[in-house]
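Engineer: Below are the chains, spelled out letter by letter.
There are 2 protein chains.
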Amino acid sequence: MDFKVKIIDVEAGLNVVVIDNDDAKKLDVGLGDRVKLKSGNRETVALVDLARDAKVGEILFFKDTAEKLGAKNGDSVGAESVKRPASLDFIRKKLDAGILSDAEVKAIITDLMNEELSAAELTAFIAAVYTRGLNSEEVVSLTNAIYETGDHLEFKNGAVVSEHSIGGVAGDRVSMLLVAIISSLGIKMPKTCTRAISSASGTADTLEVLCPVSLSMDEIRKVVAKTNGCLVWGGAVNMAVADDKLIKIRHPLRLDPEELLLSSILAKKKAEGAQFVLLDIPCGRGAKVDSVEPARVLAHKFQTMGAHLGMQVECIVSDGTEPAMSFIGPVLEARQVLRTLECSSSGLLAEKACLMCGIILHMVRGISKEEGYRIARHQLSSGKALEKFREIIKAQGGNPNIKSSDLKPGEFSVPVKAVSEGRVDHIDNKAISRICRAAGAPADKGAGMELKVCIGQQITEGAELYEIFSSNKERLGFALKQAKLLNVVEVEKIILDTI
Amino acid sequence: MDFKVKIIDVEAGLNVVVIDNDDAKKLDVGLGDRVKLKSGNRETVALVDLARDAKVGEILFFKDTAEKLGAKNGDSVGAESVKRPASLDFIRKKLDAGILSDAEVKAIITDLMNEELSAAELTAFIAAVYTRGLNSEEVVSLTNAIYETGDHLEFKNGAVVSEHSIGGVAGDRVSMLLVAIISSLGIKMPKTCTRAISSASGTADTLEVLCPVSLSMDEIRKVVAKTNGCLVWGGAVNMAVADDKLIKIRHPLRLDPEELLLSSILAKKKAEGAQFVLLDIPCGRGAKVDSVEPARVLAHKFQTMGAHLGMQVECIVSDGTEPAMSFIGPVLEARQVLRTLECSSSGLLAEKACLMCGIILHMVRGISKEEGYRIARHQLSSGKALEKFREIIKAQGGNPNIKSSDLKPGEFSVPVKAVSEGRVDHIDNKAISRICRAAGAPADKGAGMELKVCIGQQITEGAELYEIFSSNKERLGFALKQAKLLNVVEVEKIILDTI
Numbered sequence: 008m009d010f011k012v013k014i015i016d017v018e019a020g021l022n023v024v025v026i027d028n029d030d031a032k033k034l035d036v037g038l039g040d041r042v043k044l045k046s047g048n049r050e051t052v053a054l055v056d057l058a059r060d061a062k063v064g065e066i067l068f069f070k071d072t073a074e075k076l077g078a079k080n081g082d083s084v085g086a087e088s089v090k091r092p093a094s095l096d097f098i099r100k101k102l103d104a105g106i107l108s109d110a111e112v113k114a115i116i117t118d119l120m121n122e123e124l125s126a127a128e129l130t131a132f133i134a135a136v137y138t139r140g141l142n143s144e145e146v147v148s149l150t151n152a153i154y155e156t157g158d159h160l161e162f163k164n165g166a167v168v169s170e171h172s173i174g175g176v177a178g179d180r181v182s183m184l185l186v187a188i189i190s191s192l193g194i195k196m197p198k199t200c201t202r203a204i205s206s207a208s209g210t211a212d213t214l215e216v217l218c219p220v221s222l223s224m225d226e227i228r229k230v231v232a233k234t235n236g237c238l239v240w241g242g243a244v245n246m247a248v249a250d251d252k253l254i255k256i257r258h259p260l261r262l263d264p265e266e267l268l269l270s271s272i273l274a275k276k277k278a279e280g281a282q283f284v285l286l287d288i289p290c291g292r293g294a295k296v297d298s299v300e301p302a303r304v305l306a307h308k309f310q311t312m313g314a315h316l317g318m319q320v321e322c323i324v325s326d327g328t329e330p331a332m333s334f335i336g337p338v339l340e341a342r343q344v345l346r347t348l349e350c351s352s353s354g355l356l357a358e359k360a361c362l363m364c365g366i367i368l369h370m371v372r373g374i375s376k377e378e379g380y381r382i383a384r385h386q387l388s389s390g391k392a393l394e395k396f397r398e399i400i401k402a403q404g405g406n407p408n409i410k411s412s413d414l415k416p417g418e419f420s421v422p423v424k425a426v427s428e429g430r431v432d433h434i435d436n437k438a439i440s441r442i443c444r445a446a447g448a449p450a451d452k453g454a455g456m457e458l459k460v461c462i463g464q465q466i467t468e469g470a471e472l473y474e475i476f477s478s479n480k481e482r483l484g485f486a487l488k489q490a491k492l493l494n495v496v497e498v499e500k501i502i503l504d505t506i
Numbered sequence: 008m009d010f011k012v013k014i015i016d017v018e019a020g021l022n023v024v025v026i027d028n029d030d031a032k033k034l035d036v037g038l039g040d041r042v043k044l045k046s047g048n049r050e051t052v053a054l055v056d057l058a059r060d061a062k063v064g065e066i067l068f069f070k071d072t073a074e075k076l077g078a079k080n081g082d083s084v085g086a087e088s089v090k091r092p093a094s095l096d097f098i099r100k101k102l103d104a105g106i107l108s109d110a111e112v113k114a115i116i117t118d119l120m121n122e123e124l125s126a127a128e129l130t131a132f133i134a135a136v137y138t139r140g141l142n143s144e145e146v147v148s149l150t151n152a153i154y155e156t157g158d159h160l161e162f163k164n165g166a167v168v169s170e171h172s173i174g175g176v177a178g179d180r181v182s183m184l185l186v187a188i189i190s191s192l193g194i195k196m197p198k199t200c201t202r203a204i205s206s207a208s209g210t211a212d213t214l215e216v217l218c219p220v221s222l223s224m225d226e227i228r229k230v231v232a233k234t235n236g237c238l239v240w241g242g243a244v245n246m247a248v249a250d251d252k253l254i255k256i257r258h259p260l261r262l263d264p265e266e267l268l269l270s271s272i273l274a275k276k277k278a279e280g281a282q283f284v285l286l287d288i289p290c291g292r293g294a295k296v297d298s299v300e301p302a303r304v305l306a307h308k309f310q311t312m313g314a315h316l317g318m319q320v321e322c323i324v325s326d327g328t329e330p331a332m333s334f335i336g337p338v339l340e341a342r343q344v345l346r347t348l349e350c351s352s353s354g355l356l357a358e359k360a361c362l363m364c365g366i367i368l369h370m371v372r373g374i375s376k377e378e379g380y381r382i383a384r385h386q387l388s389s390g391k392a393l394e395k396f397r398e399i400i401k402a403q404g405g406n407p408n409i410k411s412s413d414l415k416p417g418e419f420s421v422p423v424k425a426v427s428e429g430r431v432d433h434i435d436n437k438a439i440s441r442i443c444r445a446a447g448a449p450a451d452k453g454a455g456m457e458l459k460v461c462i463g464q465q466i467t468e469g470a471e472l473y474e475i476f477s478s479n480k481e482r483l484g485f486a487l488k489q490a491k492l493l494n495v496v497e498v499e500k501i502i503l504d505t506i
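One line per chain: the protein sequences are A and B, in this order. In this text, residue positions in the first sequence follow the numbering used here: the first is 8, and each later residue adds one. In this text, residue positions in the second sequence follow the numbering used here: the first is 8, and each later residue adds one.
Keep in mind that the hints were calculated from the coordinates and are not lab data. Hints should not be assumed to be uniformly reliable.
[Said to hold, decoys possible] No farther apart than 20 Å at their CA atoms in a straight line, the calculated lysine-lysine pairs in the PhoX-like style are these:
hint, chain 1, residue 1, chain 2, residue 2
1, A, LYS488, B, LYS79
2, B, LYS13, A, LYS32
3, A, LYS32, A, LYS62
4, B, LYS90, B, LYS62
5, B, LYS491, A, LYS70
6, A, LYS100, B, LYS295
7, B, LYS424, A, LYS33
8, A, LYS90, B, LYS491
9, A, LYS13, B, LYS13
10, B, LYS480, A, LYS32
11, B, LYS424, B, LYS459
12, A, LYS32, B, LYS79
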């Protein structure tokens, strides 16, 4: 059947066409069925949407489909109904608790990449994995399939290291220190990092205060060749592309099946060319994993899967109950990382970085973790890590001479004070994220928070608990409103309730 | 934040707005998050879509949203981020195998009706029900919630009866006979029926050959007041509206969780005002239920749920392995039903109808099923059922004087012959549907098939197995192509394989 093209001036992010109900009947297709479209020698498969208001004989294209077919307004295109892709049967098989073969997993990811599956169909896949699980073979298949959807780095000589935290801890910028220390020792560490989804800042958002983070694969190769390290935003490169698509699908229902977490992380590490991977699993109240035992189980899975994929994986289970440092938000975090490298601050983050470097050096060089820790400490205190960090900033296009004292948070700020006295019992990562985001982070680089207390500290009524920063007075007001609703700093209660 | 409205001239069937990436960051919303829109004194909640090509400060509305807000091109509307609806947490709870309360089920259906859930989120709900199941209380909650989303019929005096088949059997037009017989006995039977989704014809498609089937609730009330019966397309009335939306969502992955089947059917029967319901569960090879035992389990569930909902439900398990009659397709089926009522044809369909009437009369009048069967037979043979059927056709706006001999199938036809000899072992409902649809059914009312053989019959090579009809020569060619690929009539094999 031939249709006349009318183009809607919007990208749909998916191959969808809109036709009239009666035309759909003639084609024998219904809502969500597929049609093969032909224009000249180009072809594509699109999902059918129906409209009461479409004209008979007219087919509405969104920009994406028009570009794929090279079709213009008024062009004539052929359409015929085609069978649903086999990948839908494989999604159905997983919903029925079946075991997917390597080819079946690959078919799902291939159709995802070709935009042949709707958001609803992909959600069914995520729900299937969430409720039915994947076995080790399926996770390896999925990881390889995701890995193959993007570019990857390869290095001929020397060890390549990577690190990843499963996240959930505010101010956890340990990767920035790790890359500086490890690459200052002549070991390659090309690290991709993420932007914030629901937190105040991701490593990419924070590093962007100091230098560009959206680099091409070729630029990354050059930076690593020059400095051994890099810290770039994963979203700007074409690595493990399918994973980004899956993350978008998982967002509305916040579905995080463990198997997708495993394959997502491992596919990215493999794409970075890593042979040695250190994984950080923060656990405890408010973290993604709530106690040490399930963290151990997860760690074991990472190691097994990693081995299947040709990577040596070590895991640490860290305390994820409170922020990794007292400063939250892009500028405040960048300043604190610089301060640490400038040796004007020691603190928790430096200690964590050196402990993790100890494990990495144990893997790469076969020395003891304690020896590795001492080497890392030396790189920090001697200023070699700072020197390397400046080199990387310069190679990525930033100003290598920047000092922590150059970095200023938003000009508007307000302190938040304790309304009762007692011992600090809990500091809530999620509440911190919500307040910082209300203040404008991460888009407003100067927005954020400085914590003035830590767990275990005895405070009096009226003591300053934290200070909120923003570049915008109105947003600071929003943040303060949030602060009054949320309990960032929980003071120990002796009497929990009176009845 | 204020935006300038630009309207896209298409109905999206959902509240979706498209904004620029940077604007989304300012609003702190991501893909699939929600914004509350305000224009004058109207408000609505919409899902956010992001576009690389949207202009900063501009918001793209599809027609639906523009109408809801009464907004025009160039208008200014306010937008603010709002929390995700609580129903998403309930969907998530079901994915986690939790038990939903009555209020939680109702919240999901309410948000579905308010178009506040995306197709992907609703698919997650279907997948959750499919993988985790619903207990009896949840099914009752769901049925009531669906029932409450639409209009319903109520009758002050006398018994109200309904019937439903879970489907899958070609040519099963027994409802048309049941309505004629039962209402000829002074018992109310206001029956809604469906159009074909993947079959050659639904009861609504077949009846439409004889009279209009898209009636309003008021028209239905008048037809029933006059004749005791009606046969109308459920899609044209506002009954159990949520169910139609759920069916659309289930279509792409062909997910039919049993609990949705139960609540879908029972909500519609309740909306018809039925006190007595007879359910037909066809079973066997190619049917929706493959053997008698699971059919019995399903029947028991229908009865229990029915009782909770104030309806007496009886079930029959029928033979669903072959078509209910030899004529398939709207005109051919309508002709055969008329022939049966005109007493010029007895056959399987009449027998099934009288057996089912026996059970209905047993429920309504307390007489034995055998006595009920004899009464039904009498209504058929005396012509009283035909008279009632003509009355209903007239009341619905059709020609009451139509005769079976007035009905002609498509002018083009082709016979399909046996390529080997043997005993007929199986006649395949799905293959029949595909061939009839290729021939143009149900849009082409004259398209269809006449079967010339039945199970158990001994056939010789070259014997005519069936004839395909179409109003369009090209479509007949398509159908013949399908016929060569599919095996409608399977002949018994003595040697299954030689190795």
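Engineer: Against the 20 Å threshold, does the CA-CA distance of LYS13 of chain A and LYS13 of chain B hold or violate the hint?
Structural biologist: 18 Å, holds
Engineer: Is it true that the CA of LYS32 of chain A sits at most 20 Å from the CA of LYS79 of chain B?
Structural biologist: Cα-Cα ~33 Å, so violated.
Engineer: Against the 20 Å threshold, does the CA-CA distance of LYS13 of chain B and LYS32 of chain A hold or violate the hint?
Structural biologist: 31 Å, violated
Engineer: Could you grab the alpha-carbon distance between LYS90 of chain A and LYS491 of chain B and see if it respects the 20 Å cut-off?
Structural biologist: 18 Å, holds
Engineer: For the pair we were handed, LYS90 of chain B and LYS62 of chain B, check the Cα-Cα distance against 20 Å.
Structural biologist: 25 Å, violated
Engineer: With a cut-off of 20 Å on the C-alpha distance, tell me whether LYS100 of chain A and LYS295 of chain B pass.
Structural biologist: 17 Å, holds
Engineer: Keeping to a limit of 20 Å between CA atoms, is the pair of LYS32 of chain A and LYS62 of chain A held or broken?
Structural biologist: 14 Å, holds
Engineer: Does LYS459 of chain B lie within 20 Å of LYS424 of chain B when you go C-alpha to C-alpha?
Structural biologist: This hinted pair holds, its Cα atoms lying about 10 Å apart.
Engineer: Are the Cα positions of LYS488 of chain A and LYS79 of chain B separated by 20 Å at most?
Structural biologist: 34 Å, violated
Engineer: Take the C-alpha atoms of LYS491 of chain B and LYS70 of chain A, compute the straight-line distance between them, and say whether it is at most 20 Å.
Structural biologist: 40 Å, violated
Engineer: Has the given pair, LYS480 of chain B with LYS32 of chain A, been kept, meaning a C-alpha gap of at most 20 Å?
Structural biologist: Holds - the C-alpha atoms of LYS32 of chain A and LYS480 of chain B are around 18 Å apart, at most 20 Å.
Engineer: Between LYS424 of chain B and LYS33 of chain A, is the straight-line Cα distance small enough, at 20 Å or below?
Structural biologist: Distance of about 28 Å is beyond 20 Å: violated.
Comparing the model with each earlier hint shows violations of hints 1, 2, 4, 5, 7 and 12; every other hint is respected.
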